[in-house]
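Enquirer: Let's have the full structure, built from the sequences with the hints guiding it.
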Amino acid sequence: MLHLVLQRILHKKWMVASLLIGNILLVAITVSYPLYRDASKRHMLTDGFTNYLSEKNEYPMAVRTVGRIRKGEGRQETADIRQFADELGSRMEVGVREHIRYRNLVTSTARSLILRDGLESEQMIVIGALEDLEAHSRILSGSMCADSAAPDGFMEAVISQSAMIELNLLIGDELEFGNLKDRSGEPIRVRITGVFNYDDPSDVYWYDSPDSYRNAVLIDPGLFEQLFMSEGLSYQMNETNTVLLDYKAVRPEQVDYLLSFSRDMVTAYKTANTEIETPGYIGILEAFRSEENRISVTLAILWAPVIVLLSAFIFMISRQMLELEENEIALLKSRGASKKQIMRMFLLQALILSFASLAVGIILGIPLCRILGASSAFLQFKVRRVLKAELSADVLLFGLGAVAVSMAMTLIPVLRREKSSIVDVKRRKSRSTRPLWQKLFLDVLLLAVSVYALYNFSNQEGEMTARVLSGKPLDPLVFLASSLFILGAGMASVRIHGLIVGGIYRVGRKKWSPPVYTSFLQLIRTRNRSAFIMVFLVLTVSFGLFNMTVARTILDNAEKNIDYLQGADIVVTEYWKNNTAYLAIDPEAEVTFTEPDFGKYGQIKGARSIAKVFRSSSAVAKVGGKDISSSFMGIDTRAFGETTDLDSDLLKYDFRDYLNVLSRNPDAVLLSSDFRDKLGLKVGDTVTYTFSGTYYTGTLSAVIYGFFDHWPSYSPVKLSIMADESVQTYDNYMIVGHLSTVQEAVGIFPYEIWIDMGGDTSGFYEFAENEELRIVRLDDAAEKKAAVAEDPLFQGTNGILTMSFITILLICGIGYVIYWMLSIRSRELLFGIFRAMGMTRKEIMTMLVVEQAFTGGFGIIAGLLIGWLASRLYIPVIRIAYSAADRALPFELVIKSGDVARLMTVIVLMFGICMGVLVNQIYRMKISQALKLGED
Amino acid sequence: MNIIETKNVDRVFDLAGGEKLYALRDISVGIPAGALTILKGPSGSGKTTLMNIIGALDAPSAGSVLLEGRETAGMTEDEKGMIRRKRFGFVFQSVSLIPIMTVYENVEFALRLSGYDGDPAERVNKCLRLVGLLARADHMPQELSGGEQQRVAIARAIAHRPGVVFADEPTAELDSQTAVSVVNIFRELVQEEGITVVMTTHDTGLMEAGDRIYTLEDGHITDMRENPRETAGPGNGD
Numbered sequence: 001m002l003h004l005v006l007q008r009i010l011h012k013k014w015m016v017a018s019l020l021i022g023n024i025l026l027v028a029i030t031v032s033y034p035l036y037r038d039a040s041k042r043h044m045l046t047d048g049f050t051n052y053l054s055e056k057n058e059y060p061m062a063v064r065t066v067g068r069i070r071k072g073e074g075r076q077e078t079a080d081i082r083q084f085a086d087e088l089g090s091r092m093e094v095g096v097r098e099h100i101r102y103r104n105l106v107t108s109t110a111r112s113l114i115l116r117d118g119l120e121s122e123q124m125i126v127i128g129a130l131e132d133l134e135a136h137s138r139i140l141s142g143s144m145c146a147d148s149a150a151p152d153g154f155m156e157a158v159i160s161q162s163a164m165i166e167l168n169l170l171i172g173d174e175l176e177f178g179n180l181k182d183r184s185g186e187p188i189r190v191r192i193t194g195v196f197n198y199d200d201p202s203d204v205y206w207y208d209s210p211d212s213y214r215n216a217v218l219i220d221p222g223l224f225e226q227l228f229m230s231e232g233l234s235y236q237m238n239e240t241n242t243v244l245l246d247y248k249a250v251r252p253e254q255v256d257y258l259l260s261f262s263r264d265m266v267t268a269y270k271t272a273n274t275e276i277e278t279p280g281y282i283g284i285l286e287a288f289r290s291e292e293n294r295i296s297v298t299l300a301i302l303w304a305p306v307i308v309l310l311s312a313f314i315f316m317i318s319r320q321m322l323e324l325e326e327n328e329i330a331l332l333k334s335r336g337a338s339k340k341q342i343m344r345m346f347l348l349q350a351l352i353l354s355f356a357s358l359a360v361g362i363i364l365g366i367p368l369c370r371i372l373g374a375s376s377a378f379l380q381f382k383v384r385r386v387l388k389a390e391l392s393a394d395v396l397l398f399g400l401g402a403v404a405v406s407m408a409m410t411l412i413p414v415l416r417r418e419k420s421s422i423v424d425v426k427r428r429k430s431r432s433t434r435p436l437w438q439k440l441f442l443d444v445l446l447l448a449v450s451v452y453a454l455y456n457f458s459n460q461e462g463e464m465t466a467r468v469l470s471g472k473p474l475d476p477l478v479f480l481a482s483s484l485f486i487l488g489a490g491m492a493s494v495r496i497h498g499l500i501v502g503g504i505y506r507v508g509r510k511k512w513s514p515p516v517y518t519s520f521l522q523l524i525r526t527r528n529r530s531a532f533i534m535v536f537l538v539l540t541v542s543f544g545l546f547n548m549t550v551a552r553t554i555l556d557n558a559e560k561n562i563d564y565l566q567g568a569d570i571v572v573t574e575y576w577k578n579n580t581a582y583l584a585i586d587p588e589a590e591v592t593f594t595e596p597d598f599g600k601y602g603q604i605k606g607a608r609s610i611a612k613v614f615r616s617s618s619a620v621a622k623v624g625g626k627d628i629s630s631s632f633m634g635i636d637t638r639a640f641g642e643t644t645d646l647d648s649d650l651l652k653y654d655f656r657d658y659l660n661v662l663s664r665n666p667d668a669v670l671l672s673s674d675f676r677d678k679l680g681l682k683v684g685d686t687v688t689y690t691f692s693g694t695y696y697t698g699t700l701s702a703v704i705y706g707f708f709d710h711w712p713s714y715s716p717v718k719l720s721i722m723a724d725e726s727v728q729t730y731d732n733y734m735i736v737g738h739l740s741t742v743q744e745a746v747g748i749f750p751y752e753i754w755i756d757m758g759g760d761t762s763g764f765y766e767f768a769e770n771e772e773l774r775i776v777r778l779d780d781a782a783e784k785k786a787a788v789a790e791d792p793l794f795q796g797t798n799g800i801l802t803m804s805f806i807t808i809l810l811i812c813g814i815g816y817v818i819y820w821m822l823s824i825r826s827r828e829l830l831f832g833i834f835r836a837m838g839m840t841r842k843e844i845m846t847m848l849v850v851e852q853a854f855t856g857g858f859g860i861i862a863g864l865l866i867g868w869l870a871s872r873l874y875i876p877v878i879r880i881a882y883s884a885a886d887r888a889l890p891f892e893l894v895i896k897s898g899d900v901a902r903l904m905t906v907i908v909l910m911f912g913i914c915m916g917v918l919v920n921q922i923y924r925m926k927i928s929q930a931l932k933l934g935e936d
Numbered sequence: 001m002n003i004i005e006t007k008n009v010d011r012v013f014d015l016a017g018g019e020k021l022y023a024l025r026d027i028s029v030g031i032p033a034g035a036l037t038i039l040k041g042p043s044g045s046g047k048t049t050l051m052n053i054i055g056a057l058d059a060p061s062a063g064s065v066l067l068e069g070r071e072t073a074g075m076t077e078d079e080k081g082m083i084r085r086k087r088f089g090f091v092f093q094s095v096s097l098i099p100i101m102t103v104y105e106n107v108e109f110a111l112r113l114s115g116y117d118g119d120p121a122e123r124v125n126k127c128l129r130l131v132g133l134l135a136r137a138d139h140m141p142q143e144l145s146g147g148e149q150q151r152v153a154i155a156r157a158i159a160h161r162p163g164v165v166f167a168d169e170p171t172a173e174l175d176s177q178t179a180v181s182v183v184n185i186f187r188e189l190v191q192e193e194g195i196t197v198v199m200t201t202h203d204t205g206l207m208e209a210g211d212r213i214y215t216l217e218d219g220h221i222t223d224m225r226e227n228p229r230e231t232a233g234p235g236n237g238d
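Protein sequences, first through last, are from chains A and B.
Using the numbering used here, read the first sequence as starting at 1 and increasing by one per residue.
Using the numbering used here, read the second sequence as starting at 1 and increasing by one per residue.
It cannot be assumed that every hint is accurate.
[Stated by the list, open to error] Distance ranges between label pairs, derived from CB positions:
id : chain 1 : residue 1 : chain 2 : residue 2 : range
1  : B       : Asp78     : A       : Gly502    : 28 to 36 Å
2  : A       : Ala337    : B       : Gly115    : 23 to 31 Å
3  : A       : Arg335    : B       : Asp14     : 28 to 36 Å
4  : A       : Val360    : B       : Asp78     : 26 to 34 Å
5  : B       : Asp14     : A       : Gly916    : 25 to 33 Å
[Unchecked claim] Simulated pairs of lysine to any residue, SDA-like, Cα-Cα distance not exceeding 20 Å:
id : chain 1 : residue 1 : chain 2 : residue 2
6  : A       : Lys842    : B       : Glu79
7  : A       : Lys511    : B       : Arg112
8  : A       : Lys784    : A       : Lys842
Quick caveat, the hints were computed from the structure, so don't treat them as lab data.
The C-beta atom is built at its ideal place from N, Cα and C for all residues, glycine as well.
Expert: Here it is, written out as structure tokens:
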């Protein structure tokens, strides 16, 4: 049987090759989902920790336990929590990088036994002991403390540099703690023998820097235990265990456990004598978990359509293969093969194909995942950091799932055929029944559901925004709705296609020339059989266009928002020398800032223009007796106009016109349009406003020369989440006036430098380095855009949408060509009859062209329409998932002509191949031979 | 008068390995107008090949074919096509109906192709009545039996009032009773509509129906016979 199956596979090499391509793609794309998802998660988790590290300059995964012993109580609890800390690594299943144990007695009065000038005779000092201190520190002077008391009864101690300064202690100083008595009732006495500092500043042991021990004298830990912790003693002390966990080894799948474990431990040890500080990493893990959820769901939904299309492709090819094999099956049956044997044969064939695909698909999935990780925009790739694809049980599971789907898709047509008798087959061929989905009105149902979902989402935009802002995943139904819409509309378009073709046919039934007449009959009478390829074609084109538009639009809108909100490629604030320090001495002194040389900015390579922009976020306008808090921007109109730009459709008039109007009067201002719309101000009104910073306040009266809806860096509304998770929208008010007027009024204060670099900001860094620029604040639009492109969500979206697009083009091309080749081959006899009846080749070509135009042409047009409509309807909602907060600019659908051209090229190529095959077949055909075909 | 004549026609097929197969050799036949000519012979004798050449579906390798006195060798494919669609009608051995068209549409299609200028419905109904299938006009071909399909094919072949109807083994897949009724239809056509019919068959029982009978064996004409026939009276059909 295996031999037979292999022979069959070899025999239909083209079909099998297509099927194999479909299967391999299905497996590869399916497994690339868990591969990419997990790799993204690992990146996100690591990023979470490293961002914490760089932002807070604090080791990102530390647990600190505190045990307190007071008046004889808490000894047991302290021992318990100590044990807990000791076992923490193994209980959390995370490696321990460092365990720092610090014990200290509560602060106690120490009397200096050696009196020096300036040394307080009594001060509050802590006696402590830091384990492993010697290994991690360097003695700056003196020596390390001994592990036992000196012969004269003194305990040796070391101190940090800060303690030396803070407590004003020197080596050799002696302290007596009168309140602390040893067993024999003598007060504890300590002698300072050395000053320590860290040996290596990057040593994580110094989670608490030596500065933290500024009021402590540290004695040997063994000695500390012996002195203060032996049975029967009742010193009041604290024991702090700081466990630094190896965050780099934390894997995404541990996060849930770590979170619940960490939360539980905080609660469990919150007692009178013990405490575990809420670790900072809980925030990191929580942020990760909500983001992880969002990413998983979003990616899964992005992945789904292409997997569905691939399954449909496999189903279609299998069905066609089966049609070709019908005679063969009949032959096998007539030779005595039972239904079971035939089923087994198909099963074996499907198994061979599927498992071959599984192996190849998984191997292919890894580079595919890497390519996804390198996508920077739609159909663009750039390797920044290599995504590490790791095989996991999940990957195999997804692969097996794909195999199961592909097996089902291959075997369902066989099962359906096997159930029906030969008579049924003949009947089906003559008057094919309507597809099930048409009978069930599935298309109408899907459309209704998707449109209802859209309607719902549009009404709940606020809630959705709140969800996303608070890190929850966007309702998956949003994405699903768009897919359902495309699916429903695709199916409905086939219904409409039937009506259109039927209508045209009826209109000219009497007049149509024989080829046109035949085409229409062919279209009408076989429409139920061709419904699948039609739906497939419509879906591929519409998903292609939709995917393309989603990817382009989301990234483009995000980038435009960055450009708009920043205003220029580089916005930099330099450090200005000033006399503010002097204010501590004389609060009444006049503050002066020294303006750095502005001319030097002219040297930046690649800078097109530079503008000074003075901004104050705390301005107040007096309108009708009310104070309206606002922001203020002082500009030099000419430079500002050269450096920034606004799309003309964002404003009522051209951006430059606003600047020209403003430049006419030094006391003119432009206001954001909410001043007009919410407060009723008009052009020509006078407005009084106050702007202030830490060291200046100015009040000016100005004439309103205009109102703007958008302005570089101006966001009309501000969103923020309330405690009840609703989103509150605040209007942002903004006043734009002249820089020179401001400077005349209050003097010269630090302003921002806006630089137009034509998109490439590298020249600025070179300049900053050469000039040793002291920068207070720097915003680089190019860097922000790169960060967006690297965001796992954006990157995954671009990657998967690009991949889907390419896959769709591929399977659409193969699927369509195969369908047509088979359709034509199955009609060879019919063409023979037509030719015998005297139809010319040209007429037969005309017939096929009309047919193609009405299937393929219609499919493409319907697909483009549906894709466009779906984009129009759903992308505004989908965008919320990506940039809920960035909505300074109105939404704009981005369809790049180059992308459409790519899509169309492939489609035209596909049709070209079909037509080529047709022409070849028609011209090669010998009527007498074609007719003989029918005699078999 | 012969409506079609062949003169010394050869039809040679190139076989794999450079060999040549003579399907027809030196064939000269004449098809009398308004009569039923039968090409008879066992399978493989070349009768279908000959009919395809006479019917301008195939071209001879050597020799010439005269169609109403005109040499076919000089005609283009399209010219031959136009002759076929206007002047000829074909009935093939196997099912030759167009599966996407109903019985009615199949017959009507022949009228469309030939540019028939009368009332198509009337003509189609008449032809279907002639073959006794008017009641099944709206059926799809696949819903008919083999004999019924063959009768529809005949109706289609004669619908546009062709000069010549070619029928290649029209009875091969029919039971003998149906075969007789099919042949009777041809006879009626010849007698009532004055159509020329060329038919191939290997069924010796049908020879009586022919006006002229050529016998082929191995690509040669071995016999030509004519049945003298009185003009049949009306009502002699079926």
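Enquirer: With reference to the structure, classify each hint as holding or not holding.
Expert: Outcome of the hint check:
| no. | hint | result |
| --- | --- | --- |
| 1 | Asp78(B) to Gly502(A): 28 to 36 Å | 32 Å, holds |
| 2 | Ala337(A) to Gly115(B): 23 to 31 Å | 52 Å, violated |
| 3 | Arg335(A) to Asp14(B): 28 to 36 Å | 34 Å, holds |
| 4 | Val360(A) to Asp78(B): 26 to 34 Å | 51 Å, violated |
| 5 | Asp14(B) to Gly916(A): 25 to 33 Å | 27 Å, holds |
| 6 | Lys842(A) to Glu79(B) | 13 Å, holds |
| 7 | Lys511(A) to Arg112(B) | 9 Å, holds |
| 8 | Lys784(A) to Lys842(A) | 60 Å, violated |
The earlier numbered hints that this structure contradicts are 2, 4 and 8.
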